[in-house]
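Protein chains in written order, with our numbering: chain A, 1 to 260; chain B, 1 to 284; chain C, 1 to 295.
To be clear, the hints were calculated from the coordinates, so they are not data collected in a lab.
Heads up, the beta-carbon is just placed ideally off N, CA and C, and yes, glycines get one too.
Among these hints, one or two may not hold up.
As the list claims (entries may be wrong) - Derived list of chain A stretches under chain B, where covered just means 3 residues or more per stretch with a C-beta under 8 Å from a C-beta of chain B:
{"#": "1", "region": "60-72"}
{"#": "2", "region": "87-98"}
{"#": "3", "region": "111-119"}
{"#": "4", "region": "158-171"}
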Amino acid sequence: MSDKILQISNPVLSISNLSIAYGKDKYAVKDVTADVKRNAITAIMGPSGCGKSTLLRAINRMHELYPNIHTQGEIKLNGESIYGISTTKLRRKIGMVFQRPNPFPTMSIYENVIAGYNLNGSKLKKSEKDEIVESSLTDVGLLDEVKDSLNKKGNFLSGGQQQRLCVARALAFKPDVILMDEPTSALDPLSTAKIEDLLVELKEHYTIILVTHNMSQAARISDNAMFMYLGELVEYDKTKVMFTNPKDSRTEGYLTGKFG
Amino acid sequence: MASEKIIKNLLKASSVIILLIFAGMAYSMIRGAIPAFKEFGLFGFIFSTDWNPTEGKESYGALPFIAGTVITSLLALIICFPLAFSTSLFIAEYFRKTKIATILSTLVDLLAGVPSIVYGLWGFYTIRPLIAELGYSGQGYGIFTSGLILAIMIIPYATSISNEIISMVPNELKEAAYSLGATRMEVIFSVILPNARSGLVAGYILALGRALGETMAVTMLIGNANIIPTGLFSPGNTMASVIANQFGEADGLKLSSLIAIGLLLFAVTAIVNSIGKIIIRKYA
Amino acid sequence: MEREAIIGEKDHSNWRELKNRLFFGTVVVLAGITISPILLIVYKLLAKGLKQINFDFFLKVAPDTLQAMTAVRNGEIIPGGIANGITGTILMVVVASLIAIPVSIVIGIFLYENQGKKYANLIRSLTDILQGVPSVVLGLIAYIWIVQGVTKGFSALAGSVALAIMMLPLIIRSTEETMKMIPISIKEAGAALGVPYHKIILKVMIPSGFSGLMTGILLSISRVLGETAPLMLTTLGSTTINFNITKPTSAVPLQIWEFYNNPNMIDLVWSSSLFLMGFVLTLNIIAKRISMKYS
Ligand SMILES: Nc1ncnc2c1ncn2[C@@H]1O[C@H](COP(=O)(O)OP(=O)(O)OP(=O)(O)O)[C@@H](O)[C@H]1O
Ligand SMILES: [Mg+2]
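Please build the complete structure, drawing on both the sequences and the hints.
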């Protein structure tokens, strides 16, 4: 195994020989093998179009929503193949936060947090729901800001608040892993800082995989970092090591701003 | 520039034609309807169930036709909804942007191109005998047969708007729901439906507007009985169909009554269509 | 960890997957049912109508009942055709187009030039309402205006007026939509060169929007071609070919109605319906082609 790929013991996720093609042979992810560390933030970096989102979405099988997708390889969550269970079950264990905040506009803040349960037709007691909403909103630091307007639609919230609401919505299932695809790229610096602080707090209980274009963000908050280029995982290392001492010239080129 | 001014005024003057048409329509129909309203009173006419052309004992009322119109149109809407909604989901969600969706939507568009009288013929020779087989209505004429054909006729109007509305639901909302483990059906009912609701409502209201005024197919299938329908398979008449099949021999008070029914139909469809358009403009 | 248990119990994952599949199946089946009438109608028209379609069908007027009865009794195809209907339909559609097209294009341009103004919005709303007025009501109007008021009897002109009112809103709105699609720069380029306003409209706007206008016009014609009810109230029908717009005139849909009501002519019902629908659908397809080709 290449020394450019970090080895991890007792990983929460292990991806092996994963290749994904849109259509017959337009490979967006090429033979990626990597393990993901538990209770840590793993950043995925790389130039636009290198396959970051595709890789991330493969982890909760969201990429299967696209037509004509071809996937080879294996992903294991806590040692069990993610292909062994239904996507509905899998996605309760692996949550996702998107680039643009996307709370459901037809639902109240309360309903948004509990949306995963409602969508799935789970009939929870009122007390159970209240508990889930309260703890999820507390976890993202939003409870104080919205506790008087839980039954209002969330459209008056700022972008940053909406994004935290979306994080709370993903946390409601207490997932093992949370996938985030450029979660701060649509936000202002202040809201970005708040989300970053939040992620660092959340990693105590959750594993976070974060796609980001923002190198300083990766440097600030991630523990490990992957660098992808043209669908390949070029380098995967502790973030500090990668930023100070990249092993691959392409990583170095990217980190020093030669391309990206 | 002088020429610009002249042209602008000319354009404006031409638009007055629309006002004139409306004013003229209202004036002519009201004037034509006045003898009937005078004889029977406005409410007397609307709420009477009489339809007696015997000279000397002439008496006309619109209630059976209003009832027939409302019942057939609502029935059409009820039958149309599952069909049109499924078709829209097929075209704008399940098979979005695929060849088969294009084929389906072309075929649905063709439905709009079939003349009303051809629907009437097909209904008469194909559907009516099937309904007669059921044994509820001797020859298969009646409310249900008309409602069924009307439902088919309004499908293209209901689907064309729903297709657009459904495909406008933002992808990121659907993805959010999928990422929470929702099945496609759950996404449809919890994300697509609530987000598309007002557009869908507007679409079905406009389709209703179509059904209210459809004439030939209904005339050929409803059984032309001037009574309030007594059941799903009862014969009846709608406002549009009574005009079509009583007009030939009409003059005097009867003609005035038919014009009065036309006036009511005009008012009802104008209101229904305006509501539909307002909803579309507001939300979609 | 406690909450994990709640999720596990209440997931019903398998049942949900099954429901999901059943729903998909239902959607496909219902969509299939939705398109079956058009296929069945076309099939029925072809199966029953094709045998009557020959040269005579287009060149001769409708037979009288006796001729038809004799032919049916002898097992022959019914002689005669729908020439009186075809010429009547063409006459009325041409007259209706002459009335409706120029007026509608001008009003459409007016609406385009006055976006957001109150008066224009009123006109637009009224146009929309006009589009929803049932055709049978327009038949009554044309009866009052033309049959009673002008020609003092059933006439092709009355039918044309009813059809023209039906065409107006369709062409007005398609003109406005077409104009909106023309890049504003084209218009401004003309204005910058000091071209007079009416020339910009005539030489720039209308030519650049020509395909859109054409599509709207063809679609509106195809909409009114099959109209029966308003013609029953206005032109009545005629057994001979007639080009006098003040006289009763036949039309293809009217003939279908007459054949339908005459047990001896039932075969002609199918062939004339087949012809009418073929005509309407062809126009439709041409219109869509034009709009696709140029957009
Ligand atoms: N739905 C799709 N269908 C076909 N090709 C796709 C699709 N989505 C992505 N691709 C292609 O796959 C490659 C990888 O895309 P991906 O979105 O994973 O890149 P990315 O690294 O996330 O880029 P960005 O930084 O711009 O978000 C690109 O070449 C892209 O064009
Ligand atoms: Mg991406």
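Tested hints:
{"no.": "1", "hint": "60-72", "result": "holds (count 4)"}
{"no.": "2", "hint": "87-98", "result": "holds (count 9)"}
{"no.": "3", "hint": "111-119", "result": "holds (count 4)"}
{"no.": "4", "hint": "158-171", "result": "holds (count 3)"}
Checked against the numbered hints above, the structure breaks none of them.
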